[in-house]
Structure formats: C-alpha cells, structure tokens
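For the protein sequence lines, the chains are A and B, in the order given. Be aware that the first sequence starts at 1, since it is given in this note's numbering, and climbs by one per residue. Be aware that the second sequence starts at 1, since it is given in this note's numbering, and climbs by one per residue.
No lab work stands behind these hints, which were simulated from the structure alone. Among the clues, some could well be false.
For identical chains, the list gives no copy identity; a pair is met inside one copy or between any two copies.
List time: in silico BS3-like cross-link candidates among lysine-lysine, alpha-carbon distance up to 25 Å [claimed, not checked]:
# : residue 1 : residue 2
1 : Lys324    : Lys521
2 : Lys521    : Lys508
3 : Lys472    : Lys324
4 : Lys508    : Lys489
This structure is a prediction, so every number in the text was calculated from the model and none was measured.
There are 2 protein chains.
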Amino acid sequence: MSEREGRQHARTEGRSRGGRSEMRARRSGSHGLGRPWARLENRYPTWDILSADQLEAIHDASLTLLETQGLEVLCDEALATYKAAGAEVDAATRMVRLDRDLVLGLVAKAPERFNVTPRNPDHRVEIGGRSIVFGGVSGPPNVSDTDRGRRPGTYEDQCNLIKLLGALNCIHSVSSAPVEAQDLPADTRHLDACYANIRYTDKVFLARGIGRQRIVDTIAMAAIARGQTPEQLDGDPAIMTVINVNSPRRVDVEMIAGLTEMVRCGQAPIVTPFTLMGAMTPVTMAGALAQQNAEALAVIAYTQILRPGAPVVYGGFTSNVDMKSGAPAFGTPEYAQAVIAGGQLARRYRLPYRSSNVNAANVVDAQAAYETQNALWACILGGANFIHHAGGWMEGGLVASFEKMILDAELLQQFAAFLTPMVIDDQTLALDAIREVGPGGHFFGVGHTLERYETAFYEPILSDWRNYESWKLAGAETATQRANATWKKILAEYEPPAIDPGVDEALKDYMARRKRAVLGKDAA
Amino acid sequence: MSEREGRQHARTEGRSRGGRSEMRARRSGSHGLGRPWARLENRYPTWDILSADQLEAIHDASLTLLETQGLEVLCDEALATYKAAGAEVDAATRMVRLDRDLVLGLVAKAPERFNVTPRNPDHRVEIGGRSIVFGGVSGPPNVSDTDRGRRPGTYEDQCNLIKLLGALNCIHSVSSAPVEAQDLPADTRHLDACYANIRYTDKVFLARGIGRQRIVDTIAMAAIARGQTPEQLDGDPAIMTVINVNSPRRVDVEMIAGLTEMVRCGQAPIVTPFTLMGAMTPVTMAGALAQQNAEALAVIAYTQILRPGAPVVYGGFTSNVDMKSGAPAFGTPEYAQAVIAGGQLARRYRLPYRSSNVNAANVVDAQAAYETQNALWACILGGANFIHHAGGWMEGGLVASFEKMILDAELLQQFAAFLTPMVIDDQTLALDAIREVGPGGHFFGVGHTLERYETAFYEPILSDWRNYESWKLAGAETATQRANATWKKILAEYEPPAIDPGVDEALKDYMARRKRAVLGKDAA
Chain A
1 MSEREGRQHA RTEGRSRGGR SEMRARRSGS HGLGRPWARL ENRYPTWDIL
51 SADQLEAIHD ASLTLLETQG LEVLCDEALA TYKAAGAEVD AATRMVRLDR
101 DLVLGLVAKA PERFNVTPRN PDHRVEIGGR SIVFGGVSGP PNVSDTDRGR
151 RPGTYEDQCN LIKLLGALNC IHSVSSAPVE AQDLPADTRH LDACYANIRY
201 TDKVFLARGI GRQRIVDTIA MAAIARGQTP EQLDGDPAIM TVINVNSPRR
251 VDVEMIAGLT EMVRCGQAPI VTPFTLMGAM TPVTMAGALA QQNAEALAVI
301 AYTQILRPGA PVVYGGFTSN VDMKSGAPAF GTPEYAQAVI AGGQLARRYR
351 LPYRSSNVNA ANVVDAQAAY ETQNALWACI LGGANFIHHA GGWMEGGLVA
401 SFEKMILDAE LLQQFAAFLT PMVIDDQTLA LDAIREVGPG GHFFGVGHTL
451 ERYETAFYEP ILSDWRNYES WKLAGAETAT QRANATWKKI LAEYEPPAID
501 PGVDEALKDY MARRKRAVLG KDAA
Chain B
1 MSEREGRQHA RTEGRSRGGR SEMRARRSGS HGLGRPWARL ENRYPTWDIL
51 SADQLEAIHD ASLTLLETQG LEVLCDEALA TYKAAGAEVD AATRMVRLDR
101 DLVLGLVAKA PERFNVTPRN PDHRVEIGGR SIVFGGVSGP PNVSDTDRGR
151 RPGTYEDQCN LIKLLGALNC IHSVSSAPVE AQDLPADTRH LDACYANIRY
201 TDKVFLARGI GRQRIVDTIA MAAIARGQTP EQLDGDPAIM TVINVNSPRR
251 VDVEMIAGLT EMVRCGQAPI VTPFTLMGAM TPVTMAGALA QQNAEALAVI
301 AYTQILRPGA PVVYGGFTSN VDMKSGAPAF GTPEYAQAVI AGGQLARRYR
351 LPYRSSNVNA ANVVDAQAAY ETQNALWACI LGGANFIHHA GGWMEGGLVA
401 SFEKMILDAE LLQQFAAFLT PMVIDDQTLA LDAIREVGPG GHFFGVGHTL
451 ERYETAFYEP ILSDWRNYES WKLAGAETAT QRANATWKKI LAEYEPPAID
501 PGVDEALKDY MARRKRAVLG KDAA
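Bound conformation, chain A alone (with noise of 0.2 Å):
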C-alpha cells in the first residue's frame, strides 16, 4: 500500500490509549519517573561545524585579544596572583594583558574530566569527556504554571521544583535554585535553598557563584551532606558554581572572589562569559566567539595558577538579541551555532565544555518547544558535557516553569533514547523473522517482535499518540495541559530520599548559626 494509505490504515486501526491510568510510570529507582537515573555518554562522532581554518581563526584573534587588550580585573588579591604568575598587569586601569604561551600553558593544566559526587555516591556524575549531564534551571525570579500563572518565586516553589527534579530520573544535577526564594531574606537564602537541594534529593546541585561566603556556606553543607569535612571535599569535588564574566572582558569582585573560593576548596567552577551579540560582545558571531574564548581562557588560566590541576569547565552563553527590542532571544539558529561552535573551542583545548538549554517564550506553546529543541540538539551536538538549566527555564530565564519542567523530562529523556547506539547484529537484522513472515505479511505476532515489543521501543511521560477520535474524546488535551497533570501527580506521589536525622539536624543547626550571624539573634 501506498504511504497515505498505509498511515490512513494504522491510524484507524490503532486502539484507544485510555486515560491517565496509562501513563507507566516506571518508577525504576527508588524515586524515580520514566528511565532509571544513569550517566549519560555520546558515542556518536563530534560534529565540527567550523572548519580547521575557522577555528585557528577564533582561536589566534582570542589570543591576540589576551595579548593586546586584555581583561579588566576589578579585585587586587586577584591582580597580583596573575602578575606573580607572569601577566602584564596595570594596577591604574586593572587590566591584565596575557601572553598566549603563558594562556595555553597555563589552561593545558586543567583536566579534561572530573567527577563530582553528591551525598548518595550512585548519583555522582563526570564532567567532560563524552558525559553528558543534564541540570535543572538556574536562578529566575518568577515561577509559573498554567492555574496560578506568573507569580514571584517563593521557597515554597522552590521547594516544589526541586522535589520535581529529584523526582525526574533524567535530571543529573539541581541548581543552585531553580526559583529565587523571594520571600526570604536575599542574604541568607542560599542557605535554604542549600538545605532544599539536599533534602528533597540526592542529586549533585550548584554553588550560588556570587561572593566567597556563598561558597563558603555551600561546601561546608555539601560536606554535612556527605558525612565528611570541607577539608575532604579537597580533590573530591562535591559542587560546581557559575562563574559569569561581566562582558565584555570585565570581571567583577564578587565573581573572582566566589572562583578563588571554589578553586582553593577544590571544588569546580563553571567559567562563562555573557555574551549576547550585539550587546556585550561584537554583533557578529565571528567576534562573539573571540570574545567568548579569550575571556573564558583567561579566567581558566587563573584557575590553573591558583591551583595547577584544578578541576574547571569551558562554559559559553552566547546567542544574539532581538535587534528591535534589545532582548535577547535564544533557541535561535545564531544560538545553535554559537553552541556548536563552542564546542569545538572547548575540545580544542580538552575541557569540559558548559552549555544551556533555554528559548525566549513566554508561555509553554511550539516555540517554547522548538527554541529548546534547538538548544538541546545543538548541545548535544556540539558536545556539552554539563547542560545548564535544563530542565523547566523559560523566558529567557525570568521564569522556571513547572510544565516546562516536563516537557523538558520528555525531551531529555528522548535524547538518551536517542544516544543509545543501535545493536546491529545477527538477533536484530532479524533474516529469519523476514523469511517467517514473507511477502506482504505482518511483523506483529511473530515471535521475534513478541519476545521484544514491551521494551523495544521509548516509552514516552507526555507525548500522546492516540488517534483523534480517541484524543479528542479524552479531552483534546495539549502537551502543556498534560504536563499540568503529570507533575502534579509526580509532587503527589515523591518520596524524596531518605537522610540521616544527624545529618539533617547538623545542616539545620549550620543553617541557624549561620543566619543569626547573619541576620541577628532573632532569624529564624
């Protein structure tokens, strides 16, 4: 038959799917929905979308950028480490003017992997090589979902997303905070928001990159967490933090201050520029990507001087604006090369390579889907190792989602459908069940399919593939509309995992001290 008919054939034929009730939860894992939790790999070649010529290119007027114009670094302590370690520093204007030998020598330190280990051991994850790690949205200031819409964050939000991502086996690693807590004093937050992480999941999470007391405070309940002393933590990485280059070429002291931290606790730093074209960097991609990588290498290098062998990750956050407004817009072809492109950058110096997982929507609709389609495969592409707000980042960043948070469970979990390689061998080219069936036959009951159908194909948590009449009869419900339900459901039924009771006690304990020191007798 023909394709129109054959499709018009199956369709029709195809049975109702039936209601909720159908929706498998596999809960493989002791709290988990959809495939187990597992460390990701892409066995699949790299994708060099840049040519040999292009990249030298990016990479000499990067040097050249280092060599003529340089960073500013608004921090003396960190002046006089790059001065010590042979940079031109002015101590006038705090520029500091690298040579490449020096760039190069000093970024070839770093590893190319590392492993960073949360309180539950199963659940540590490696940064770089061909791993892939995906992390929850990072930092928005508002939450929405479709009954209460748009509203500011609260530690009550923040609390629910984080639960939905300990409960999404996909998501490798939380946030810092996937919603600032406004209702909580912006000094200690990080505290709570610490505490949250570690409580209603066993997953890696971030360091609020912003200050050396941040990270101070985040080492020290991540080594509660785990039952050992900051001082172990030492060589054993336990938290990861962004650390923002204020672009153009400016590195601010609260962003040093927070890097020297993490570097001498051991710990690794996520170095990313800002770079939207057009508005901290040249309009131009070519530019972009100089930029990108001068002050990226400039900082890594930092890292290695402090600490040679310290564990840091390449990241990139470039994409363009929408030139009539000035927002920027992301998921966008200019953002999937710049993703891609980065790659490249981050392999050519064998780091780990951060990217991120965003679009510019304002509601959870197909360019919600699209845009994040497009940054997911371009990560994927071009070899993210740590993907940054992963799951459930909207507008831009304004807002975390929490139908988004599913849509994007879907999508990465159909990412790693997608990375398992195909077995291809004498069982799977199947010859015999060819010949059983012969011409114009049918592959449903015979037996090579029946041994293999419940578990052949991947199964998915939001995609619906009823036909209409069934569709519709069930409500002609959305993606989005279901994805309403389906987290509901998932922070109805989370169990998180189980915590000593000393251990919740030391980090709440950790937590009143540190907030009466900070706020008073009286904090709560």
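Please build the complex by placing chain B on the supplied structure of chain A, with the hints as guidance.
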C-alpha cells in the same frame, strides 16, 4: 553581572515590540514571505552514527536478503524485465531474487544528483549531493485549522494550501496534493491537483505515483506548463513521484506501473519502502534498516535495468509504532536514528536520499513542535536531499494543517539560517570594535554594530520575543494562534505567479478531455 541578572536586565529593558504591523514580511521575490527563495546546501560535515562495521553489517544483510529471499513483484512485465537482466525469477510465486553483484552493479549506474525544473526555471532544484529541497505535505485525507477544526479535505482547501506553499519562500517544491480533494471524483482529481499546482505556484511539484495513467497525465500537464512536449521533458525532469514498496517485500502492480512510466518518460521516482518497525518490518532497528535497504536497492536496480542512468531517489520511511495501540509514532528517538542511518546507507551507494518531516501529534502544540524538530534535525544531519512533507503535516499523515504550515515554515527558515556557514575574518572577528567599546562597555551604539545590525540575525516569522508584559497586553497569544493570523494574511495577499493564457487554456483543455474520457461526456 551574573547571567541571571543580565537576563532580567535585558528582558525588562526590552521595549515593547508592538503589534502585527511589526511583522516585517520580507516580500523578497515576486510573491514571497520571509527569506528569499533560494536553493539550499548543507556545507557542514556529514554525520555518521552507524560505525563502519555496523553500516557494512546492514548492507551485507540486505544483500543476503535479496539473494536468499528476494521481493515479490506482482507484475508479469516487471518480472520479465528482472529476469532478462539476470535476476532469479520464480513465475509461480512471483519472487525475484538478485545476486549482490547484479544489484550493486545496477545501483551504481544511478546518478548521484540531477535537476528537476518547473515552469519557472528560476525554481529549478537539485536533488542529491549536498542539496536540500523542502517539499510540502502530501496526501492527507483531512485538513484542519483552528477556526473550522478538522474536516475532510476539499478542492478549495487544496488550492488554499497550495497557495500557502507557493507563498512560503522556504518551500522549494509542492507535492502531488497537500490534501485530498474529497469533493472531486477519485479517478480524475489528480488532474485538478496538478492544475492547481501549476496555476498557483511555479515551483516543482510531484505526481501521484499510483498507476500509469496518473503519471502520463501529470507529465503531459507538466510539459504544457513548461511550453514543451512530454518527449522534451525526457532527460530534463519536471516531476518526481513517491513509489512505495508494500513492505514487507511486495511490489504492487500499480506502483510498478507508475514507476515504469516515470522511468520511461525520464522523470524521477523516489523509491520508498514503507517500514514501520514491528508492523511491516522486524521490531528491531537493524532489521528495519536491512529490509528497507534491500527493498529500496532492488527497486532502484529495476529502474536502472529499464534505463541505465535514470534519475532515482533512495527513500526511507522507517519509524516505530506505539506498541500499545499499533499506531505509527513519528518524530521519535527511533525515527531520528532511522533517518540518519538511512542517510548513511544512501551515501554508501551515492544515491540521493529522501526523508520526511513527520509527527504524530493531534494538535499544533508543543508535542507537534518537538516531534517535528526531531524529524527536521535528523533529516538535516542525515543528509536528506529531499525532505517530504516538510510543510503542513499533522497527526501521522491524516491531516494537513494551516497553522502547522506556518510553524513548519518558521523552522525551515531557521534551518536555512543555521546552515549558512559562519564568516570568520578580520571584519567579523572585530577586535577593533572590542577595543573601542572597552571593558564593561556596550556594543549597541558602536559603529561596527550599527553597520550590521539590521541584517545581523535571523528574523522569525512566528517567534515572539517580546517581554512578558508586552506579550500579555497584546493578547497572550500562543505560537499557534499567531500562525492562524499569519496564514490568513498570506492567503489574503497572495498573488500567484503569472501564467501564459495559452498555457492555461491548454491545461484546461487537457483536463476536460481526460475527464470526459474517464467520467463520461457530461463531466465538468
């Protein structure tokens, strides 16, 4: 500033984008929306997700399949053709078995690339090599839009969809019919479809591949449109058609009749097995690919027996089914793997490759978008030269959707932008501009940006990047709602390309004669 601060700053600073009037329809070309019509090439490296060994294993198994099991060909004339070329033919069972050297020797005669030329030679396309051609949806029985809902297709719907495909510059080719005109007699509606394709666009179109007569008619009308005779089209193809194998391993008489006519008239068939895993092929990917490969090669070999050097395309249509219902699933992880692996196979034989932009969603929502994106990314990565159903497909092929047409157009344009290689030179590396702006500065107002910003970035036709408040004030529309307004605007403003009145008359004349012949003297 940190990423999160920067995002908030950039978004709230963004000015309102205003209303529909801002949708700068780039009316480049005589009647186009979006970027100008242009041939598209993929200059990035090919991507091989099957290892060399895996590819050989599939290749070898498919040849073994042809040698030991073969295909059933339900046409005595075709059986004789195969037999005369050296195949082993069993007249009683109508099974054809082919020695591998015979198959490969024949397949090697097919050209690596060829042109297809419509009535406007400026819209000639290349099929093969690194060229990419996006073709419109083909053959659903139903049509849908968000106002009138899902309904059986009519000729009016068909014409409207063709006009949209004509207007959208990202579309290179229309199909035989974007929806079935169910209000027209089944035996002659292909004439009306062909007329509409010619009347409302000057792009390449397809013939419906079932049976010899439809091919004869379509070639005749394509010749009239080009001001030529059918004989003059021989060797200078005007049309293509999809020829399906009735998988598993059966070639129907109508299909082989259509195929034979296409080849004898020097037009290009797209030989496509119809291989849904677990239904028409083994439930395993390896088995599906081996069977697809065997079927495609055997029928492509037939075309080369008929006419060595005849243009022909290797088509793939492999996906999985939803094992609970038996309904086809599209845009899945398995689909993506099959598309990319199929491309590797086609490349092995130096054949042009056809794949498809397909999904199984019931509504134009996030699922439709993400399944579509999986399919499109896979097609691009798989090196597909002809991407069938690229505009308008919904619901596993049962529906052509007006809103989906616009969504697809947005994505096709994005891919064209993504496939535009980056320019890396001194101008774009922009070290001078970086120096001019200085650390912590802003690139918005610098000369380098001002000279370029108007055309710097991809301009969407559907994506909305306004900040939340502006978007909400303007009606809080989803992408699908915007798409609804967009297709109506396009249709209202569309001016079909001019057609020579003599050509128009001749086409109508041909149709009238053929309808009288098929339907009787009083046929309209």
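Against the structure, the hints:
1. Lys324 <-> Lys521: neither (51 Å within a copy, 61 Å between copies)
2. Lys521 <-> Lys508: within (16 Å within a copy, 91 Å between copies)
3. Lys472 <-> Lys324: The answer is between: 18 Å across copies meets 25 Å, while 40 Å in one copy does not.
4. Lys508 <-> Lys489: neither (29 Å within a copy, 61 Å between copies)
When each numbered hint is compared with the structure, violations occur for hints 1 and 4.
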